[in-house]
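S.K.: My request is simple: use the sequences and hints to build the entire structure.
Listed in order, the protein sequences are those of chains A and B.
For the first sequence, the numbering used here begins at 1 and goes up steadily by one.
For the second sequence, the numbering used here begins at 252 and goes up steadily by one.
No lab work stands behind these hints, which were simulated from the structure alone.
Every residue gets a Cβ at the ideal spot worked out from N, C-alpha and C, and that includes glycine.
Treat the hints with care, since some could be wrong.
[To be verified] Ranges between beta-carbon positions, derived for each pair:
#1 434/B / 149/A: 22 to 30 Å
#2 208/A / 254/B: 38 to 46 Å
#3 286/B / 38/A: 33 to 41 Å
#4 88/A / 328/B: 51 to 59 Å
#5 271/B / 117/A: 45 to 53 Å
#6 133/A / 254/B: 51 to 59 Å
#7 352/B / 32/A: 43 to 51 Å
#8 445/B / 122/A: 50 to 58 Å
#9 32/A / 281/B: 19 to 27 Å
#10 121/A / 288/B: 42 to 50 Å
#11 121/A / 381/B: 52 to 60 Å
#12 428/B / 208/A: 30 to 38 Å
#13 24/A / 281/B: 32 to 40 Å
One-letter residues, chain by chain:
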Amino acid sequence: MTGALLSLRGVRKSYPGTGRRGPRKVVLDGIDLDVTEHECVVVVGSSGSGKSTLLRVIDLLEDVDDGQVLLDGVDVADPWVDADAARARMSMVFQQYNLFPHLRVLDNVTLALRLVHGRRRAEAEAAGVHMLEKVGLSHKARSYPDELSGGEQQRAAIARALVSGPELLLLDEVTSALDPELVGEVLDLLVALRDEGTTMVVATHEMSFARDVADEVVFLHEGRVHERGTPGQVLDDPQRGRTQEFLRRLR
Amino acid sequence: MTDWQPSARALERDAFRRAQRRRALAVATVATAVVVGSVAYVVATAPGWERARTAFFSPERAVEVLPDVAEGLWLNLRVWVVASVIGLVVGLLLAVVRTSRLPALFPLRVLTVVYVDVFRGVPVLLVLLLAGFGLPALRLEWLPVSAAFLGGLAIVLTYTAYLAEIFRAGIESVHPSQVAAARSLGLTRGQTVRRVVLPQAVRNVTAPTASMLVSLQKDSGLISILGAVDAIRAAQIATTGDYNFTPYVVAGVLFLLLSIPLTRLVDAWSARQGWRGRLRGVSGAGVIR
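M.R.: Written out as structure tokens, the structure reads:
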């Protein structure tokens, strides 16, 4: 085994095509990826290139057609593996926050601690309050999600993802739904997490953020890794046509 | 896209999933057999089973009474169709009135609220008795006084109130941004309601509406208390004299023959086109292992 925390080998994923007998739409077409502990891998690419699907496959929210998803060397894509246990070791933050609207912020944060990780309520709430302090939201613990701004909701979602101490944090375009002036508060938090050594796979459109935090940048195009390397290599000196075109359009 | 041939690993996973499905099917089969078997055993070993079987499941008696009960069912069917159509149309209108903000409609809105509150709050049976015996007492020349008409009227009054509430819930479930989008395109209020809000509202409440209609189909039998000879009344008449209750079973089977296709039809209709459109193509809308 590679010694990586997470390894993807030849991951392929397709969705049913349109119409009754239409050809299936291939979203991931043989992806290889390695993420070692404390590493931050940033996935970039135009919309529809498969970034979100890649993260969802890692978090076992999608079954793959083929290939391996190795978590500590164990292929968790195999249907006979306990997917719930594997998912409990990772945390995903979604583009649209996906906070539970019927629960207060603190209950959102402590839900998995109590139900999945078996903590007592008092213990879970102490951990939850601590995590909310860390993301600067302890004063909103008793509020409902829709009483929060977008940036606050996303920070609450990040607190919810982090509170169980996941080995791997998956961030799916977490700033795309935010107003520009709220993007900064979320990105600052992510930079702080990265500096603490949180292992992350990040799908994003924020190139400056990718440049700041990434150990490796992976450029996806039509479901394949088109180019990969350090931020300096991929973002400042791209070697392949699609990458160059993508970055040119972003300027 | 590359030509993809599933790897040995993928084939192994597929085989595992197939085995899981086979096991699920086997479990379902065994569970069903156990449940059906134990019910059959309890019934068949009951001390009164022999008598019950002749009293409730006599084939000869069933064939004898079928024409009468079927004729009664024809009345149920007519009441049901008429009450459904009126209930759906008027219920939808009431819901629109109730949710509209036009100042001119204010008095109508109040009436709607009062009407819905009253007829949802009073038992159907009471409405039936009041309409059936109260309205003829007014001796209005133009008012038909047949039991079928008055009974049908009472059922329409009650069910329209329920349907209006269902449609109101449907209208309120349409997100206000849909109205904003329609108005910003220049659609009038009326156009917005007709072309944007109602189509979505009706879809959102298809399931509860369908169950109201099924319930209405059964409750159409209540008009028999006013003396109309519907399927249930016909069956009741057929049981007088001897102690054979097969006609009731016949009526029950006939009702089922009507309501089961109806529910399946509504399911098929709502599954047909884009009904799950909101979720189609949303990742995560499938099953998560």
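S.K.: Does each hint fit the structure? Answer for all of them.
M.R.: Results of checking the hints against the structure:
1. 434/B / 149/A: 22 to 30 Å: 27 Å, holds
2. 208/A / 254/B: 38 to 46 Å: Check passed, 39 Å falls within 38 to 46 Å.
3. 286/B / 38/A: 33 to 41 Å: Since the Cβ atoms of residue 286/B and residue 38/A sit about 55 Å apart, the hinted range of 33 to 41 Å is violated.
4. 88/A / 328/B: 51 to 59 Å: 56 Å Cβ-Cβ, so the 51 to 59 Å window holds.
5. 271/B / 117/A: 45 to 53 Å: With a Cβ separation near 28 Å, residue 271/B and residue 117/A fall outside 45 to 53 Å, so the hint is violated.
6. 133/A / 254/B: 51 to 59 Å: 54 Å, holds
7. 352/B / 32/A: 43 to 51 Å: Given a distance of about 59 Å, which is not inside 43 to 51 Å, the answer is violated.
8. 445/B / 122/A: 50 to 58 Å: The hinted range 50 to 58 Å holds for residue 445/B and residue 122/A, with Cβ atoms some 55 Å apart.
9. 32/A / 281/B: 19 to 27 Å: 44 Å, violated
10. 121/A / 288/B: 42 to 50 Å: 45 Å, holds
11. 121/A / 381/B: 52 to 60 Å: 54 Å, holds
12. 428/B / 208/A: 30 to 38 Å: For residue 428/B and residue 208/A the Cβ distance comes to about 32 Å; the hint holds.
13. 24/A / 281/B: 32 to 40 Å: 35 Å, holds
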